[in-house]
Amino acid sequence: MITIYHYLLLGAVLFSIGLYGAVSKKNAIAVLMGIELMLNSVNINLVAFNRFLTPDAVTGFIFTIFVIVVAAAEVAVALALVVKVYRERLTSNVDEIDWLKW
Amino acid sequence: MLQQFYAVLTFFGFGIFFAIIALVLAKIFGPTNPTAAKITTYECGLDTQGPTWVQFKISYFLYALVFLIFDVETLFLYPWAVMFQKLGLFAFIEMIIFIAILVIGLWYAWKEGALEWL
Amino acid sequence: MAEYYLLGVEIATALLGLILLVMGLLVPKTHNKGIANIAIIGFIAIFGVNFLYAGTNASFLNGMYLIDPFSLFFKGLLLIAVFFTCLISKDYILEQGYGQGEYYSLVTFATLGMMIMVSAGDLITFYLGLELNTIAFVILVAFRKNCAKSTEAGIKYVLLSAMSSAVLLYGLSLVYGATKSVLLTEIAKIINQQGIQPLLLIGMIFTLAGFGFKVSAVPFHMWSPDVYEGAPTPITGFMSVASKAAAFAIFVRFFMIALAPVQETWVIVITALTVLTLVLGNLVAIPQTNIKRMLAYSSVGQAGFILLGMVAFSKLGVAAIMFHSLLYVFANMGAFGVATVVGKSIGSDQIKDYQGLWKRSPLMAAVMLICLLSLAGIPPLAGFVSKFYLFTAVIEQGHIWLAFIAIGMSMVSVYYYLIVAKAMYLGQPEEGAEPIKVPGSVQLALALCLIVLVFFGVYPTPFTNLVLDVATAFFPF
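Residue numbers (the numbering used here), protein chains in the order written: chain Y, 4 to 105; chain G, 679 to 796; chain L, 32 to 508.
Just so you know, the hints here were simulated from the structure itself, not pulled from any lab data.
Mixed in with the good hints, there may be bad ones.
As the list claims (entries may be wrong) - Heads up, simulated EDC-like pairs for lysine to aspartate or glutamate below, C-alpha to C-alpha not over 16 Å straight-line:
1) 180(L) to 59(Y)
2) 375(L) to 126(L)
3) 453(L) to 384(L)
4) 60(L) to 126(L)
5) 64(L) to 122(L)
6) 64(L) to 126(L)
7) 87(Y) to 99(Y)
8) 375(L) to 133(L)
9) 87(Y) to 39(Y)
10) 346(L) to 500(L)
11) 383(L) to 500(L)
12) 64(L) to 133(L)
13) 180(L) to 101(Y)
14) 390(L) to 500(L)
15) 60(L) to 790(G)
16) 180(L) to 98(Y)
17) 176(L) to 91(Y)
18) 180(L) to 91(Y)
19) 211(L) to 98(Y)
20) 789(G) to 465(L)
21) 468(L) to 126(L)
22) 390(L) to 461(L)
23) 468(L) to 122(L)
24) 60(L) to 133(L)
Unchecked claim - Interface residues of chain Y toward chain L, partial, derived using beta-carbon atoms under 8 Å:
25) 31
26) 49
27) 57
Claimed, not checked - Some residues of chain G that are not near chain L, with every Cβ distance over 12 Å (derived):
28) 688
29) 693
30) 716
31) 732
32) 738
33) 786
For every residue, glycine included, the Cβ atom is placed at its ideal position computed from N, Cα and C.
All chains, please: the whole structure from these sequences, using the hints.
This is the structure we're talking about:
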């Protein structure tokens with residue numbers, strides 16, 4: 004039997020993996036991938052809560068749609084900036100983006 | 679609940695089983711006489727010329743970004759389309775406004791040359 | 032049919048943003064100097080529209096969107112901030128020579144996002160507003176095309192803010208799970224019934240981390256000095272006042288309405304954040320040599336002062352937060368206005384280049400001095416009054432030690448503000464340094480800041496009555 008706890012556990016594990024990826028990876032693209040994982044774990048949480056706690060309402064589903072769309076917009080902007088940094092310095096390594104004191 | 683997944687499990691099992699069967703049969707019945715040409719990496723018939731990590735045209739990337747945005751924005755259209763009969767005219771006008779704003783964005787991308795394929 | 036007339040301000044702002052964008056496309060690049068003026072006039076008009084709603088206390092779509100005195104106050108604040116930003120940016124962007132339409136429409140959309148944030152009555156609306164303003168700000172931060180530092184600031188901002196909003200969202204999803212609702216008032220009701228649960232507690236902590244990032248509270252402040260340094264100076268000013276004020280508005284709403292029943296729990300964490308922010312923000316500002324970085328750390332310190340109002344959790348506390356946020360707009364926009372013009376004409380943002388500024392431009396030196404003194408909280412300037420209320424609010428609740436730390440750090444801040452004042456008034460300009468010409472629009476902005484700071488310092492009564500009135504909504508007793 005798959006219960007809400009399985010989904011929440013999946014969400015938590017995914018969030019942790021994403022957070023680890025986002026803080027440990029050096030490539031800006033990989034950092035973005037980590038962030039996407041975190042956002043997807045949020046989506047799993049929202050959908051699971053909605054499905055198991057309030058099956059008649061759709062609040063969580065709506066929230067998920069907004070999260071997906073906003074995440075896409077954010078990633079598009081971030082990728083455009085990564086390309087720009089790459090053109091300027093021929094690197095997308097976040098450790099080397101250090102002209103401003105970090 | 680879990681019973682519903684038996685079909686998936688069975689499917690998975692058969693998939694792996696047939697893959698193994700095919701490989702084992704090929705190993706048993708196939709003739710083996712390796713030559714130098716046979717064991718090289720096979721990629722579309724020819725060896726690669728020069729480095730394979732080449733730069734893509736940047737305009738391809740711009741296409742991809744614009745596509746990504748418009749692709750995902752359609753997500754809002756699905757719930758609207760499903761409930762269209764119930765929502766009536768007002769929701770229709772709202773969706774027109776939403777699409778109009780998107781079209782301004784597309785117009786901007788067009789005018790700034792993001793869609794040019796040089 | 033919902034009552035769409037309630038959304039007048041937001042609809043007008045969205046329309047203005049679209050009009051500016053379309054104008055940027057249609058008007059030939061050689062004739063687009065007027066776009067700034069249209070933006071400025073548009074914002075004045077929207078400010079007037081905002082006044083039409085004075086006294087409204089309504090909600091839209093079952094409480095998803097609130098048009099109450101609190102949100103109207105903050106919308107007014109945002110409109111003032113964006114008005115000053117446009118005034119300061121006018122010549123700056125003209126000299127950049129590109130992207131007139133894009134710049135002003137992005138500024139407008141950032142404002143719209145923050146408006147949605149301050150009026151949000153549920154978590155979805157709040158998240159949407161937050162991201163709208165963050166994405167617009169990311170592009171604005173990276174707006175200087177031929178400056179690699181600007182791009183770098185942009186990429187740092189987008190990566191860190193995306194990470195923080197993911198953390199914030201995870202927190203929000205847990206809060207939603209624990210209370211089965213996204214409406215702030217519903218959440219409060221349900222927490223009242225069932226008390227605090229582990230799930231809610233974890234959600235609260237994650238949410239707090241996200242909010243801490245947005246208001247740049249220590250230890251989530253690392254982004255702000257870098258981003259502030261790399262961004263175009265008018266945008267730095269806009270971000271430091273508007274984005275912070277909007278974040279504080281929803282911070283107050285979320286913690287003082289939705290999580291009010293569990294105040295004993297979160298106040299401990301926020302007190303720790305406050306102390307850290309006050310101490311680190313003010314101490315690290317001392318060794319800075321770049322004026323924008325110095326102002327960045329000072330804004331971290333100011334966030335600490337505003338957090339005092341959260342710790343107080345009282346009517347006076349909320350009122351003081353509102354008062355301080357508004358005066359902070361004038362003080363910081365004045366300082367960044369001067370930094371914009373000086374940075375543009377000298378070509379550097381180092382504090383040592385402010386040597387003898389009073390000889391080169393008496394107006395700018397005077398405005399900078401008044402703004403910095405107001406930030407430091409020296410009487411009779413407005414900053415003193417608002418800090419006084421913040422300290423009183425904390426002492427009223429019995430946290431006298433906290434008030435002592437805050438007053439001590441206020442002294443520290445006087446020191447680093449006076450370093451700039453010393454350079455401006457006691458230092459000698461370099462040989463042959465010419466007077467700096469201040470553009471007319473910036474002159475207007477600076478004069479307005481000066482007048483407001485002095486006026487509200489001397490005669491704050493009508494204004495304090497207003498903010499106390501508005502704060503009654505949170506603590507109706």
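Evaluation of the provided hints:
Distance hint between residue 180(L) and residue 59(Y) is unfulfilled; the C-alpha atoms sit about 51 Å from each other, more than 16 Å. The suggested pairing of residue 375(L) with residue 126(L) holds, with an alpha-carbon distance near 9 Å, which does not exceed 16 Å. Straight-line distance between C-alpha atoms of residue 453(L) and residue 384(L) comes to about 12 Å, which keeps the hinted pair within the 16 Å bound. The suggested pairing of residue 60(L) with residue 126(L) holds, with an alpha-carbon distance near 13 Å, which does not exceed 16 Å.
A distance of roughly 9 Å separates the Cα atoms of residue 64(L) and residue 122(L); the hinted pair therefore holds under the 16 Å criterion. This hinted pair checks out: residue 64(L) and residue 126(L) have alpha carbons roughly 11 Å apart, not beyond 16 Å. A hinted pair counts as satisfied when its Cα atoms are at most 16 Å apart, and residue 87(Y) with residue 99(Y) qualifies at roughly 14 Å. Note on residue 375(L) and residue 133(L): the hinted pairing is violated, with a Cα-Cα distance of about 21 Å set against a maximum of 16 Å.
Among the hinted pairs, residue 87(Y) with residue 39(Y) is inconsistent with the structure: their alpha-carbon atoms are about 21 Å apart, more than 16 Å. For the hint linking residue 346(L) to residue 500(L), the alpha-carbon distance of about 9 Å falls within 16 Å, and the restraint holds. Between the alpha carbons of residue 383(L) and residue 500(L) the distance comes to roughly 45 Å, so the proposed pair goes past 16 Å and is violated. Distance hint between residue 64(L) and residue 133(L) is fulfilled; the C-alpha atoms sit about 13 Å from each other, no more than 16 Å.
For the given pair, residue 180(L) sits about 9 Å from residue 101(Y) by alpha-carbon distance, which is consistent with the 16 Å threshold. Distance restraint check for residue 390(L) and residue 500(L): the Cα-Cα separation of roughly 45 Å exceeds the 16 Å cut-off, and the hinted pair is therefore not satisfied. Restraint check for residue 60(L) and residue 790(G): the C-alpha separation of about 12 Å stays at or below 16 Å, so the hint holds. Distance restraint check for residue 180(L) and residue 98(Y): the Cα-Cα separation of roughly 15 Å lies within the 16 Å cut-off, and the hinted pair is therefore satisfied.
Among the hinted pairs, residue 176(L) with residue 91(Y) is consistent with the structure: their alpha-carbon atoms are about 11 Å apart, no more than 16 Å. With a C-alpha separation of about 10 Å, the suggested pairing of residue 180(L) with residue 91(Y) holds against the 16 Å cut-off. Taking the CA atoms of residue 211(L) and residue 98(Y), the gap is about 42 Å. The hint is violated against a cut of 16 Å. Between residue 789(G) and residue 465(L) the alpha-carbon distance is near 43 Å, which puts this suggested pair outside the 16 Å criterion.
Between residue 468(L) and residue 126(L) the alpha-carbon distance is near 14 Å, which keeps this suggested pair within the 16 Å criterion. Between residue 390(L) and residue 461(L) the CA atoms are separated by roughly 11 Å; this keeps the pair inside 16 Å, and the hint holds. Restraint check for residue 468(L) and residue 122(L): the C-alpha separation of about 12 Å stays at or below 16 Å, so the hint holds. For the hint pairing residue 60(L) with residue 133(L), the CA-to-CA distance comes to about 12 Å; that is within 16 Å, so the pair holds.
About 7 Å separates the beta-carbon of residue 31(Y) from the nearest beta-carbon of chain L, less than 8 Å, and the hint is met. The closest approach between the C-beta of residue 49(Y) and any C-beta of chain L is roughly 5 Å, which is under the 8 Å cut-off, so the hint is satisfied. Here the hint on residue 57(Y) is kept, as its CB sits about 5 Å from the closest CB of chain L, short of 8 Å. Residue-level check passed: residue 688(G) sits 34 Å from the nearest beta carbon of chain L, beyond 12 Å.
Residue placement check: residue 693(G) keeps its beta carbon more than 12 Å from all beta carbons of chain L (closest about 35 Å). Even its closest Cβ contact with chain L, about 48 Å, leaves residue 716(G) beyond 12 Å, as expected for a residue assigned away from the interface. Residue-level check passed: residue 732(G) sits 24 Å from the nearest beta carbon of chain L, beyond 12 Å. Listed as a non-interface residue, residue 738(G) keeps its Cβ farther than 12 Å from every Cβ of chain L; the least gap is roughly 21 Å.
A cut-off of 12 Å between C-beta atoms contradicts the statement that residue 786(G) is not in contact with chain L; the least separation is 6 Å.
Comparing the model with each numbered hint stated earlier shows that hints 1, 8, 9, 11, 14, 19, 20, 33 do not hold.
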